[in-house]
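The chain contents come next:
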Amino acid sequence: MSSLLQRIRTHRQAFLGRLDTHPFAPPAVEKILAYGAPVGAIIEHHTRLDRCMDRLRQLIQEEEKQGRVPAAGTVVLADTLTDSSGRFDRAWHAPEGGIWLAMAWPDILLPEFTRLLPFAVGAACCRAVRQYGVDARLKWVNDVLVNRKKLAGILCTTLQSPSGDRYHLVGIGINGNNQVFPTELQSSATSLRSELSRETDLAELTGCLLAELRWAFGLLHYDEEQALQEGESCEQGRDGLLLDVWRELCDTVGQRVEYGFDIQRKPLYQAVAREIDPCGGLVMELEDGSRVTEYSGEIVYI
Amino acid sequence: MPSNQEIHFDEILGQYRSDPYNYVDMHTVHTGTVRFLVEEGAEVEGASGEWMHKPGTRLYEMNRERNTKIITSKTNGTISSVCSELDGQFVEAGEKLLTIRHPLKKKEIIEGILQEVLFLFEAPERARYYFSMDIQSRIDRKGARSVFIQPGDEIITMSLMKRDTPVYYTGEPGIIHSVYFTPGDSIDQGQPLIGVCAEEKLPVVQKVITRVKAEWE
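Protein sequences, first through last, are from chains A and B. The first sequence begins at 8 in my numbering and counts up by one. The second sequence begins at 481 in my numbering and counts up by one.
Hint data in this document are derived by calculation from the structure and do not stem from the laboratory. Be a bit skeptical, because a hint or two may be false.
[To be verified] Below, a list of computed lysine-lysine pairs in the DSBU-like style, where the Cα atoms sit at most 35 Å apart:
| id | chain 1 | residue 1 | chain 2 | residue 2 |
| --- | --- | --- | --- | --- |
| 1 | A | K273 | B | K586 |
| 2 | B | K549 | B | K681 |
| 3 | B | K585 | A | K273 |
| 4 | A | K273 | B | K622 |
| 5 | A | K157 | B | K534 |
| 6 | B | K622 | A | K156 |
| 7 | B | K576 | B | K681 |
| 8 | B | K687 | B | K534 |
| 9 | B | K587 | B | K687 |
| 10 | A | K72 | A | K157 |
| 11 | B | K622 | B | K585 |
| 12 | B | K576 | B | K622 |
| 13 | B | K693 | B | K622 |
| 14 | B | K549 | B | K687 |
| 15 | A | K273 | B | K534 |
| 16 | B | K586 | B | K554 |
| 17 | A | K273 | B | K554 |
| 18 | B | K687 | A | K273 |
| 19 | B | K576 | B | K554 |
| 20 | B | K622 | B | K549 |
| 21 | B | K687 | B | K585 |
| 22 | B | K534 | B | K554 |
| 23 | B | K549 | A | K273 |
| 24 | B | K554 | B | K587 |
| 25 | B | K622 | B | K687 |
| 26 | A | K72 | A | K156 |
| 27 | B | K549 | B | K587 |
[To be verified] Computed footprint of chain A on chain B; a stretch qualifies when at least three of its residues, placed anywhere within it, have a C-beta under 8 Å from a C-beta of chain A:
| id | stretch |
| --- | --- |
| 28 | 582 to 594 |
| 29 | 624 to 632 |
The beta carbon of each residue, even a glycine, is placed where N, CA and C say it ideally should be.
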């Protein structure tokens with residue numbers, strides 16, 4: 008019987024052959040996949056961890072202590088997390104049955120594209136779960152929702168190592184076969200099992216997610232290359248390739264929303280989401296008809 | 481930072497007295513055909529509203545490939561000069577188009593002088609900022625002016641598109657004298673976040689504030 012990691016890699020390879028690569032021509036697809044190739048180059052699996060992010064930080068420090076550079080795309084996977092958390096130290100429930108992983112990516116993108124990294128992760132997660140037949144949609148920036156319930160959550164932080172190198176750490180949680188949520192999350196969370204009424208092969212889902220992450224990260228780097236060649240930036244109105252893919256998955260525009268930097272603790276105002284600007288900013292229309300664009304913070308649909 | 485002897489209060493205050501204005505030059509944000517919407521001498525207003533969502537006075541429009549972008553004033557004041565020869569012309573990015581003369585308030589004058597005296601730590605990107613948990617708890621306990629920081633300290637977290645990045649201090653060691661943002665505020669790239677002062681120079685800074693408060697009407 009093959010090991011879990013072998014099965015994940017086999018499924019990843021299979022999903023790479025089935026990626027939705029429209030509207031790119033084969034040479035571009037090849038380049039995008041080459042840019043994203045490091046994703047999951049090293050995968051470390053644990054049955055139990057406090058947090059995948061902490062283990063990833065530890066790995067980076069260990070590598071640097073030995074004078075080595077951590078491999079780009081290193082992934083830490085765990086079957087269950089005992090001390091997981093979301094943004095602003097919010098609780099994140101990570102029992103057995105879900106996909107809990109963290110990945111390190113070196114900080115080598117231009118700021119304009121670094122800022123789209125959370126969009127890339129969201130798009131990858133959303134595309135992965137949609138392949139299982141759920142109508143998942145993205146809520147700006149990267150919450151993956153099904154019928155307004157959260158199926159997957161993403162945490163993006165940046166780490167500066169003692170040597171001064173910077174890495175983006177991406178934490179991903181997908182509710183797969185776990186169906187029981189704490190009381191406070193029961194009305195706002197869902198899982199693939201709940202939506203599909205059947206179990207999902209988690210090794211297959213992980214392989215699918217890694218294939219989609221390779222595509223999305225590769226596309227982000229390819230997008231940067233194209234922008235440099237064109238000599239245009241999002242500030243000048245250039246619409247990015249990654250953002251186009253993300254927009255196809257997002258249902259935020261047209262929704263009535265409540266906005267806040269920390270929406271749970273301090274909601275600030277209500278508005279109607281009108282568009283996503285070329286830099287990824289959310290353009291909202293207030294009651295008096297004036298518009299405000301936000302590049303940070305979060306929203307809830309109301 | 482200049483020493484006590486190097487700060488010529490009378491000279492600095494004299495400059496502000498003779499010309500109590502800030503001159504804000506407006507440059508093109510990208511290439512395009514420019515059309516002015518204001519004339520020299522016009523009074524303009526900056527953005528307003530609780531979320532600064534009401535745009536200021538319309539200054540000029542840029543047209544590029546049939547896309548028109550209206551540029552509005554970020555500050556109040558009077559249009560002191562307009563490069564009217566560029567009206568209707570195609571211009572490159574970064575071209576100066578007009579200048580707004582903004583009348584300074586006492587608080588702005590104090591800040592202006594302090595910003596020449598303090599080490600200013602600027603926002604690396606347009607994003608929302610908040611203090612790191614350690615710094616915030618020290619500020620909560622003792623106040624910002626009791627918090628000593630040095631290069632390498634993780635002082636602030638930058639939040640952009642739901643990505644949180646620790647920001648490490650890179651300036652002179654000192655205490656946080658001025659905080660130019662409210663945690664969670666959206667700050668433009670290059671705007672100062674904090675002003676830092678070496679402990680031994682605090683009396684000099686206090687003197688600046690006292691002098692301006694006392695002498696400025």
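>> If you test the structure against every hint from before, which numbers come out violated?
In response: Going through the list in order, the structure violates hints 2, 6, 7, 8, 10, 12, 14, 18, 20, 26, 28 and 29 and respects the others.
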